[in-house]
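Counting from 9, one number per residue, gives the positions in the sequence shown under the numbering used here.
Treat each hint with caution, since some may be false.
As the list claims (entries may be wrong) - With a cut-off of at most 27 Å between alpha-carbon atoms, the simulated BS3-like pairs for lysine-lysine come out as follows: (1) K446 - K413; (2) K98 - K31; (3) K413 - K377; (4) K438 - K399.
The set of hints was computed from the structure by calculation and includes no laboratory data.
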Amino acid sequence: RLYAQFVKATQKVLDPSAFLRAKTLEMQQRHVKYENTPYALEPNCKESPGGLRDLQVLLWIARAAGFGQTWSALASRGLLTPFEVSQLQKHQGVLRLIRARLHAVAKRREDRLVFDLQTSVADSFGLQSTRAQRSSEVLMHRYYWAAKAVTQLNQILLLNMTERIAGSVDAPMRPLSAEFLDRGGMLEVVDDQVYARDPHAILRTFLAYQQTPGIKGLSARTLRALYNARNVMNGDFRRDPANRALFMDILRQPVGITHALRLMNQTSVLGRTLWVFRRIVGRMQHDLFHVYTVDQHILMVLRNVRRFFIAEHAHEYPFCSQLAAGWSEPWVLYVAALFHDVAKGRGGDHSDLGAREVRKFCRDHGVGKDDMAFIEFLVQHHLTMSHVAQKEDLSDPEVISQFAKLVGTERRLTALYLLTVADIRGTSPKVWNAWKGKLLEDLYRLTLRALGGSRPTRDADIEHRKQEAL
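When you get a sec, could you build the whole thing from the sequences and use the hints?
What follows is the structure, encoded as structure tokens:
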């Protein structure tokens with residue numbers, strides 16, 4: 009009774025809008041502190057994005073607004089669906105159990121899944137290593153899937169509560185099509201059954217996001233509709249020629265490709281559209297170089313390739329940007345970037361396996377034979393140029409001759425060079441350096457000469473000499 013009186017008195021003086029703003033800002037600042045991603049290689053299972061603290065903050069905001077103190081209470085207010093409640097409870101349980109095992113293994117309060125403890129925690133769950141992956145990688149895969157789901161549900165619920173508390177439901181609306189409208193700069197479905205009526209609208213969401221000026225994200229209603237359309241994105245959905253054409257349209261857009269694919273990954277649409285991609289979502293890479301999970305690395309590489317084709321980023325990689333300026337169909341490089349590491353974690357040579365996967369993708373998506381062979385070559389040999397540049401003697405004419413024979417054409421050489429630079433730059437901020445850049449550029453120029461290709465432009469030569477002088 010006394011506690012009930014305390015709660016009632018607190019509600020009278022508490023400003024839900026101010027509390028929402030304060031806690032949202034606090035969450036954003038905390039996320040920045042923990043790299044703004046649920047995929048950190050040594051995540052804090054309490055404080056990192058997608059961790060237990062995010063769930064606590066949601067319930068604190070709900071309590072302050074008088075919505076309730078449990079997930080079920082929020083469902084009764086229409087803020088969550090029963091399925092979303094079950095998913096929140098499931099993933100909250102996974103995170104709590106991992107944290108409890110982490111404390112037990114460390115024999116102290118320890119919320120960080122540091123490398124030194126990951127194997128021991130995995131062993132405590134009885135997880136076994138296989139030829140393809142270590143037990144710690146299995147553990148982290150489970151953690152990342154839970155954190156990813158919490159991140160999705162956190163975004164949906166936070167936007168829903170913000171609309172209820174701050175009244176953003178009254179934001180100006182602008183009809184865009186029979187399926188979508190612009191609500192205050194957020195892309196929103198016209199009703200909750202859009203995707204059930206027409207599953208093709210799922211991928212059209214991301215085309216509309218790319219093609220509509222002023223759209224900066226997806227509304228809570230759209231995010232929820234996508235989340236609840238998971239079962240619609242099945243084998244028939246993936247085999248549907250219209251959906252395959254829509255996916256290729258997304259890759260061929262002049263703007264918004266990186267943002268659209270990242271948003272597709274965040275909402276699980278990318279992995280459900282490309283099942284082969286789903287297998288590497290949240291997959292950790294235990295080596296000295298990669299600081300991202302495989303899916304995040306792939307999207308980082310694609311982003312790097314994309315920036316070669318955007319004039320405002322030409323200062324970042326001047327030589328790459330000059331080479332990219334002559335390309336009329338950059339989408340072939342985007343497909344190669346998307347598939348170059350897609351077979352990681354299976355055992356065997358991921359370059360060979362990835363080449364098979366991208367060949368199947370190209371056949372399924374109507375890519376012509378010449379482009380298919382070109383993309384397959386890039387995936388098959390995406391590590392070759394880096395190996396030759398760093399491990400072989402570039403002053404040996406035979407080395408250059410053999411590499412020139414492998415690439416065969418100036419177009420394949422240029423594409424492989426662009427993909428290699430993007431790949432290394434997307435591995436870790438610390439892996440790339442001027443020395444590696446010079447070796448790769450030297451190999452490019454020497455091979456171009458061996459192929460009898462045209463010399464790079466005068467501006468590129470000047471930039472090359474500047475780099476040599478540094």
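Exercise for the section: If any of the earlier hints don't hold here, list their numbers in rising order. Expected result: none
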